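There are 2 protein chains.
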Amino acid sequence: MKRPAAARRDAATSAPEAGQQVSDDTLREFIGYHIKRAFNVVQADLNQALKPLGLRMVTYSALVLIVDNPGLRQSQLAEALDVERANLVVIIDELEGRDLITRDRVPTDRRAYALNPTLAGRRLYDRALEAVRGHERRILNGMTEETKLAVIGAMSLIRQSSGGGSKGG
Amino acid sequence: MKRPAAARRDAATSAPEAGQQVSDDTLREFIGYHIKRAFNVVQADLNQALKPLGLRMVTYSALVLIVDNPGLRQSQLAEALDVERANLVVIIDELEGRDLITRDRVPTDRRAYALNPTLAGRRLYDRALEAVRGHERRILNGMTEETKLAVIGAMSLIRQSSGGGSKGG
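Sequence lines, in order, name chains G and W. In short: position in the first sequence from 1, add 642, done, that's the working numbering. In short: position in the second sequence from 1, add 642, done, that's the working numbering.
Don't read these hints as lab results, they were simulated from the structure. Since the structure is predicted, the reported quantities are computational estimates derived from the model, not experimental observations. Among the clues, some could well be false.
Same chains, same names: a pair is fine if it fits in one copy or spans any two.
No more than 20 Å apart at the CA atoms, straight line, and that leaves these computed lysine to any residue pairs for SDA-like [unchecked claim]:
hint, residue 1, residue 2
1, 693, 752
2, 790, 801
3, 790, 802
4, 693, 804
5, 693, 803
6, 790, 668
7, 790, 804
8, 693, 735
9, 693, 798
10, 693, 739
11, 693, 772
12, 790, 666
13, 790, 667
14, 693, 787
15, 693, 736
16, 693, 733
17, 693, 778
18, 790, 696
19, 790, 744
20, 790, 762
21, 693, 790
22, 790, 713
Just chain G, with the same shape it has in the complex (with noise of 0.2 Å):
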């Protein structure tokens, strides 16, 4: 007893049956729901191309900036990563209890941590970056260099529609 899918079903009596398609169209008249469901691709299998080097999409770009950022203080990377302190905590743990960077006090505020790569995090790095281009190709999926640099200017005019800092995770 299959039906056309529709928009919206009118009784309980007109339920979808098991494997019909379910209408999503007023939530794919936003972009922020396609964008969303874009970015739930690029996590998984950002995190499924990071598993290897044991590293989460979070800990990659923590990783990531500290090597390019030496000296990098943690309340700089939480705000470069859009995270909360205390949850930067728990990554900055993740990478210093696997050697990958160290935190030393800075001498001159005694408050403040300075991060800096290892050397074995400077390999990881390395790898990783690897890993991440191979994801890229894959996400991008033929999407023309064109649409590619549409699509960044368009993610810059949605940042820039919030103050800056959003503190969503």
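We have chain G already, so just place chain W on it with the hints.
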């Protein structure tokens, strides 16, 4: 003692000063990074917009799908939302506890539950969509319709790069 931002600093002694720009040049090569950062803003602004209604991104999406697809099975909703079944239970409990939806056994399949909106659920759906339209205008931030459509096309391409379901949360 300000220094220009550099993509990679050579030693801990050249640590970025407090307030100095942290370089994310390496991460910015990747479209996934731009999508993640835009998604952080989308999620934060959407949750802010929905807060007065007692909804979050995921409970809002669930309510919309249930109103648009009355009689929806829990398993279908889990798939449509890209969430694990265990996480779905929390979402359903929240909506049912507020009398926005009902969860009834399916007579023809005793193991399945059908989800239906209540009148209160349908009313909140209308208010939520109004709030989300305001949110959408904010995040679009003057984006042209042409760019918006290009972004939606690109997000679908990324979505299709995985076999479909990602269970990314």
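Checklist entry - Is it within, between, both, or neither for residue 790 and residue 666, if the alpha carbons may be no more than 20 Å apart? => result between (26 Å within a copy, 18 Å between copies)
Checklist entry - Is the C-alpha distance from residue 790 to residue 696 at most 20 Å within one copy, between copies, in both cases, or in neither? => result neither (29 Å within a copy, 36 Å between copies)
Item to check | Alpha-carbon proximity between residue 790 and residue 762, which holds within one copy, between copies, both or neither at 20 Å | outcome: Intra 33 Å, inter 42 Å, cutoff 20 Å: neither.
Item to check | Homomeric proximity label, residue 693 with residue 778: Cα distance no greater than 20 Å | outcome: within (15 Å within a copy, 34 Å between copies)
Checklist entry - Which holds for residue 790 with residue 802 at a C-alpha limit of 20 Å: within a copy, between copies, both or neither? => result The answer is both: 18 Å in one copy and 16 Å across copies each meet 20 Å.
Checklist entry - How do residue 790 and residue 804 come out at 20 Å by Cα distance, when the copy is not named: within, between, both, or neither? => result Answer is between: at 18 Å across copies they meet the 20 Å cutoff, but 22 Å inside does not.
Next on the checklist: My question is about residue 693 and residue 772: at a cut-off of 20 Å on alpha-carbon distance, are they close within one copy, between copies, both, or neither?
Outcome noted: within (13 Å within a copy, 41 Å between copies)
Checklist entry - Are the CA atoms of residue 790 and residue 668 at most 20 Å apart within a copy, between copies, both, or neither? => result Between copies, since 17 Å is at most 20 Å while 26 Å is not.
Next on the checklist: If the cut is 20 Å between Cα atoms, do residue 693 and residue 803 qualify within a copy, between copies, both or neither?
Outcome noted: For residue 693 and residue 803, the Cα distance is within 20 Å only across copies (19 Å; inside one copy 33 Å).
Checklist entry - From the Cα coordinates, with 20 Å as the cut-off, is the pair residue 693 and residue 733 best called within, between, both, or neither? => result This pair counts as within: shortest intra-copy Cα distance 15 Å, inter-copy 29 Å.
Item to check | residue 693 and residue 739: within-copy, between-copy, both or neither at 20 Å Cα | outcome: within (17 Å within a copy, 38 Å between copies)
Next on the checklist: I want to check one pair: residue 790 and residue 744. Are their C-alpha atoms no more than 20 Å apart within a copy, between two copies, both, or neither?
Outcome noted: neither (36 Å within a copy, 43 Å between copies)
Hints 1, 9, 14, 18, 19, 20, 21, 22 from the list above are not met by this structure, while the remaining hints are.
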